[in-house]
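Participant: Fit chain A to the supplied structure of chain Z, relying on the hints for placement.
Protein chains: 2
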Amino acid sequence: MASVRKEVSNKQLILRDYVTGSPKESDMYVKTSTIKLEIPNGSKAVLLKNLYLSYDPVMRIELKIRSSLPIPLSRHYLGTERLFGWPISVTQFSVLVSRHLDYKEGDFVWGPAIWEEYSLVKEPNLTKIHHTDVPLSYYTGILSYPGITAYAGFYEICSPKKGEYVLVSSASGTVAQLVGQFTKLMGCYVVESAGSQQKVDLLKNKFWFDEAFNYKEECDLNAALKRYFPNGIDIYFENVGGKMLDAVLLNMRDHGRIAGCGMTSTYNLDEPERINLMFIIYKRIRMEGFSAIEYFHLYPKFLDHILPYIRESKIVYVEDLAEGLENGAAALLGLFSGCNVGKQVLVVSRE
Amino acid sequence: MASVRKEVSNKQLILRDYVTGSPKESDMYVKTSTIKLEIPNGSKAVLLKNLYLSYDPVMRIELKIRSSLPIPLSRHYLGTERLFGWPISVTQFSVLVSRHLDYKEGDFVWGPAIWEEYSLVKEPNLTKIHHTDVPLSYYTGILSYPGITAYAGFYEICSPKKGEYVLVSSASGTVAQLVGQFTKLMGCYVVESAGSQQKVDLLKNKFWFDEAFNYKEECDLNAALKRYFPNGIDIYFENVGGKMLDAVLLNMRDHGRIAGCGMTSTYNLDEPERINLMFIIYKRIRMEGFSAIEYFHLYPKFLDHILPYIRESKIVYVEDLAEGLENGAAALLGLFSGCNVGKQVLVVSRE
Chain Z
1 MASVRKEVSN
11 KQLILRDYVT
21 GSPKESDMYV
31 KTSTIKLEIP
41 NGSKAVLLKN
51 LYLSYDPVMR
61 IELKIRSSLP
71 IPLSRHYLGT
81 ERLFGWPISV
91 TQFSVLVSRH
101 LDYKEGDFVW
111 GPAIWEEYSL
121 VKEPNLTKIH
131 HTDVPLSYYT
141 GILSYPGITA
151 YAGFYEICSP
161 KKGEYVLVSS
171 ASGTVAQLVG
181 QFTKLMGCYV
191 VESAGSQQKV
201 DLLKNKFWFD
211 EAFNYKEECD
221 LNAALKRYFP
231 NGIDIYFENV
241 GGKMLDAVLL
251 NMRDHGRIAG
261 CGMTSTYNLD
271 EPERINLMFI
281 IYKRIRMEGF
291 SAIEYFHLYP
301 KFLDHILPYI
311 RESKIVYVED
321 LAEGLENGAA
331 ALLGLFSGCN
341 VGKQVLVVSR
351 E
Chain A
352 MASVRKEVSN
362 KQLILRDYVT
372 GSPKESDMYV
382 KTSTIKLEIP
392 NGSKAVLLKN
402 LYLSYDPVMR
412 IELKIRSSLP
422 IPLSRHYLGT
432 ERLFGWPISV
442 TQFSVLVSRH
452 LDYKEGDFVW
462 GPAIWEEYSL
472 VKEPNLTKIH
482 HTDVPLSYYT
492 GILSYPGITA
502 YAGFYEICSP
512 KKGEYVLVSS
522 ASGTVAQLVG
532 QFTKLMGCYV
542 VESAGSQQKV
552 DLLKNKFWFD
562 EAFNYKEECD
572 LNAALKRYFP
582 NGIDIYFENV
592 GGKMLDAVLL
602 NMRDHGRIAG
612 CGMTSTYNLD
622 EPERINLMFI
632 IYKRIRMEGF
642 SAIEYFHLYP
652 KFLDHILPYI
662 RESKIVYVED
672 LAEGLENGAA
682 ALLGLFSGCN
692 VGKQVLVVSR
702 E
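Chains as they are written, first to last, in my numbering: chain Z, 1 to 351; chain A, 352 to 702.
Calculated from the structure, these hints are not laboratory results.
Heads up, some of the hints might be wrong.
[Unchecked claim] With a cut-off of at most 25 Å between alpha-carbon atoms, the simulated DSS-like pairs for lysine-lysine come out as follows:
#, chain 1, residue 1, chain 2, residue 2
1, A, K594, Z, K243
2, Z, K36, Z, K161
3, A, K634, Z, K283
4, A, K634, A, K513
5, A, K634, Z, K243
6, A, K473, A, K513
7, A, K567, A, K557
8, Z, K283, Z, K301
9, Z, K283, A, K594
10, A, K473, A, K455
11, Z, K301, Z, K128
12, Z, K36, Z, K49
[What the hints assert, rightly or not] Only some residues are given here: those of chain A computed to face chain Z with a beta carbon under 7 Å:
#, residue
13, M614
14, T617
15, D621
16, I631
17, R635
18, R637
19, M638
20, E639
21, S642
22, I644
23, Y646
Ideal Cβ positions, reconstructed from N, Cα and C, are used throughout, including at glycine.
Next comes chain Z alone, as it looks inside the complex (with noise of 0.2 Å):
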């Protein structure tokens, strides 16, 4: 059971301390320590290569959790938060040594982040991996939590139809990605917003997305609705709250759904935008907040849906690709400014 060389060097990325404000790179530091590739009897613990790790906006949420209100994503790991740095994040892990049944050597698996290299997990509560004729790292987002995201988002809660105009913010992550083309598959109409020209062309050329706009190079957001969206809205994924979210209740059909994913611009607001919600009165609108971890039951109903049309390249999937754990605090606050291009992931080892 136990490996060759009993101690390897272990480095992990900390956050010096929950953040107020906007997240700096000084906030975190890249520390390095040595842990003992070998579990003691009577565990059930497993010893995990982390392979690939995700960043995701809501993390930003996660830096300032102490100082905001109870999150139920956070609650969700709250029993492991002392050991995780961002407890939503996701790895994709390699198993070195198992004391758990469920687990053995050699398994590729999924589950929650720590950030470092490799991680002794007590009560691993992981997925594993069954298909690994696609790339290993779409298991930190388009195959985990994101992937649900999208997939319980568009389908469950925007009950979208054929022909129906879609407007998906926030364009170049994981989930607006896989909602565009989700969106394209049905027969609908869709538009994505991104805050670089960089992620507009990428919708433009890798996506068959409809069209793209860089919201922060219009001055009117009402108006860039109304060019893109002459006939009105019916489906609005929100990833951005705020000023958008205020110009698209404007354009916005009637009986139009928005599935409540994140709100990235408020996340760093001391207090909210003025919105005005008379109009989900006005036009009936029905807006609901979901979480992807309440639709994990329908992960294998949503791999037999997704993996055919990966495998066929019918959806396709950008990664932005950042390269070890000293690389680690630079790409999560480059994520937070918009200059990923693709889903962010961090490579801590490859497999």
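Facilitator: This is chain A only, laid out in the frame that chain Z set:
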């Protein structure tokens, strides 16, 4: 077919022009003209004698309709807007003369209102009153659109379950009276908020609601809601919007539902309040606007549901009656400033 008197005096309440800002009594005046009590050959018109006129908070929007955005409710009546002062109020009529096959003299009907004593309606689209063992004035409120609003809003939008915690705001109008009683009949806990001590007394003494409070006397709405809902709110029946909605979102339980019926507090505001919508995502809340007009197909089912309760006094209904078109403007402004206790009705003529 012709009546004994060929012509009668006909008082009308006239709106001078669409109102900007808060409406004043001087924005309206009573005009007296005459109307012929006969209908030309070849017409399908009916001549109606108005008995009771309904006042509704949403009329505040109608008064300034030209200066605001199109509203589905009024669009519904747009073809007749020239005719109707305030198109979405409801009158209960008796038919005096009819050239229309669907209506005969002596019928009682209800439908969109003209603020006058007698109305010639060229293309009548009126609902016949078959049950006259309940007060006819009820057909301006609990047995017309406000009733359908409460019925559809509560049963269709709120998805209530026995034992849930329900808050109804702005609680002395028809909709809130009725939603509260539906809530109790279902075995839920209900608290209603209103804008005066007199209304709170009504809610406590006349209905069997669990609690009622005067929101104007609460300097901290969040604290008030925590006091009345230590376990949180499952369902919020939204009639006021603004600061109340903001405080409610803080106190909603996971998977709460908000039925968007009206936002009276915002009708006179130049810009909307700041509302922390992130809670819709954190708590996976569903918020949905609706309009009773779209649930009118449920009207027969609604009558079957409610009439037995009214006859057995298991549902009670409180009206605030003003007498005569001369007092129409004052009563309307009284409603806007919250002076009514119970559903505000104008008696144009007793049946």
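Participant: Does each hint hold? Answer for all of them.
Facilitator: Hint check:
1. K594/A - K243/Z: 19 Å, holds
2. K36/Z - K161/Z: Roughly 54 Å between the alpha carbons, so the hint for K36/Z and K161/Z is violated.
3. K634/A - K283/Z: 23 Å, holds
4. K634/A - K513/A: 21 Å, holds
5. K634/A - K243/Z: 22 Å, holds
6. K473/A - K513/A: 47 Å, violated
7. K567/A - K557/A: 21 Å, holds
8. K283/Z - K301/Z: The hint is violated at about 33 Å.
9. K283/Z - K594/A: 22 Å, holds
10. K473/A - K455/A: 15 Å, holds
11. K301/Z - K128/Z: Holds, at roughly 15 Å.
12. K36/Z - K49/Z: Given that 25 Å is the threshold and the Cα spacing comes to 12 Å, the pair holds.
13. M614: 5 Å, holds
14. T617: Hint on T617/A: holds, closest Cβ of chain Z at ~6 Å, below 7 Å.
15. D621: With a minimum Cβ separation of about 10 Å from chain Z (threshold 7 Å), the hint on D621/A is violated.
16. I631: At about 4 Å, which falls below the 7 Å cut-off, the nearest Cβ of chain Z leaves the hint on I631/A intact, so it holds.
17. R635: 5 Å, holds
18. R637: Status holds, d = 4 Å.
19. M638: Result: holds, 5 Å to nearest chain Z Cβ.
20. E639: 4 Å, holds
21. S642: 6 Å, holds
22. I644: 10 Å, violated
23. Y646: Since chain Z brings no Cβ nearer than about 10 Å to Y646/A, farther than 7 Å, the hint is violated.
Violated hints for the displayed structure, listed by number in ascending order: 2, 6, 8, 15, 22, 23.
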